[in-house]
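Take the sequences, apply the hints, and build the full model.
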Amino acid sequence: MTFSEITDHIESKTSGKISLIEGKDVIQVTPDNWLEVATLLKDDTSLQFDYLMCISSYDKGNNKTYGAAYNFFSVQLNHYIEVRVEVEDGTSIPSVAGLWRAADWHEREAYDMMGLHFENHPDLKRILLSEDWEGYPLRKKYTEPDYYHGMPVPKDKSYWD
Amino acid sequence: MDPTLLGQFNKDNIIVEKLDTLINWSRANSQWYFQFGLACCAIEMMAAAAPRHDLERFGAMPRATPRQSDVMIVAGTVTLKMAERVKRLYEQMSDPKYVISMGSCSNSGGPYWQHGYHVLKGVDLVVPVDVYVPGCPPRPEALLQGLLELQKKIKTETPLRKQA
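Respectively, the protein sequence lines represent chains L and V.
Going by my numbering, the first sequence runs without a break in its numbering and finishes at 161.
Going by my numbering, the second sequence runs without a break in its numbering and finishes at 1164.
Treat the hints with care, since some could be wrong.
Think about it this way: if two alpha-carbon atoms lie no more than 25 Å apart in a straight line, the pair counts; the simulated BS3-like pairs of lysine-lysine are [stated by the list, open to error]:
#1 V:Lys1018 <-> V:Lys1153
#2 V:Lys1153 <-> L:Lys125
#3 L:Lys64 <-> L:Lys141
#4 V:Lys1081 <-> L:Lys141
#5 L:Lys140 <-> L:Lys24
#6 L:Lys17 <-> L:Lys64
#7 L:Lys140 <-> V:Lys1081
#8 V:Lys1153 <-> V:Lys1097
#9 V:Lys1018 <-> V:Lys1087
These aren't lab readings, by the way, just hints derived from the structure by calculation.
Okay, structure coming up:
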């Protein structure tokens, strides 16, 4: 199916749950509707998105809006869709790890790097950085610490002993 | 037949040398290295150990435990998370122990110098380094030269007397 056929199909099944981003073949979903739409994407016989390719996270640059972009592919039907879910800082996105197992580690990475919280995730903890790391490094306002466990972090060596 | 003492040694295939030299000779030619790699430099280290470059002809063979290792080749990017493990593994090695820092990342942070919030800017901040091998990554020949430089360094030591 083409992008417009997919969006029309989702609209016919759930009215008003998705919106389109202008100029892009991307659909946007609010966190409240996301689990319902995700279940539809996975289970509907004419959608069958059985493969979650990637979850990317992004920072809108206003220090409060962060988003997750999900790329889905259907191996059965050979079509593709990108879905974006945006949240304000402090609110959470429902986890889709129960639908696609691949989401487990991808959501942990999005949490680790961008500080997105995923509701009902089986084990939401940092995946790459140490568990006692402070802050979320890929956020635009992130500043690196001066020391980590006594080891100097910044590139400026002038004040190292 | 030579009646002198030295002549007797020659005849019986005996070499007279300082004990220091003997110990250094054996240490320098049995540099068993700790088999672990942190990033792409580890691929070059594997190539150096493989038949074409054959690190083992210099007496260096990989050991899977710090207890049996004499030299630690830090091959790759040392992240802050890994730095603590590297330090602990170094502390578990028995004396005499040496460290070869292989590649730009472990020498100085390398390409992560400017924006690497998670990378240690040189492994010499946590463990003492004997030989630095430059390169990104260094070719196996460069690692071989690093090992030979370490052998030269070991041969200048005086293990029977306390070092200054």
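Hint check results:
| no. | hint | in the structure |
| --- | --- | --- |
| 1 | V:Lys1018 <-> V:Lys1153 | holds, 17 Å |
| 2 | V:Lys1153 <-> L:Lys125 | violated, 46 Å |
| 3 | L:Lys64 <-> L:Lys141 | holds, 10 Å |
| 4 | V:Lys1081 <-> L:Lys141 | holds, 22 Å |
| 5 | L:Lys140 <-> L:Lys24 | holds, 24 Å |
| 6 | L:Lys17 <-> L:Lys64 | holds, 23 Å |
| 7 | L:Lys140 <-> V:Lys1081 | holds, 22 Å |
| 8 | V:Lys1153 <-> V:Lys1097 | holds, 12 Å |
| 9 | V:Lys1018 <-> V:Lys1087 | violated, 35 Å |
The structure shown violates the earlier hints numbered 2, 9.
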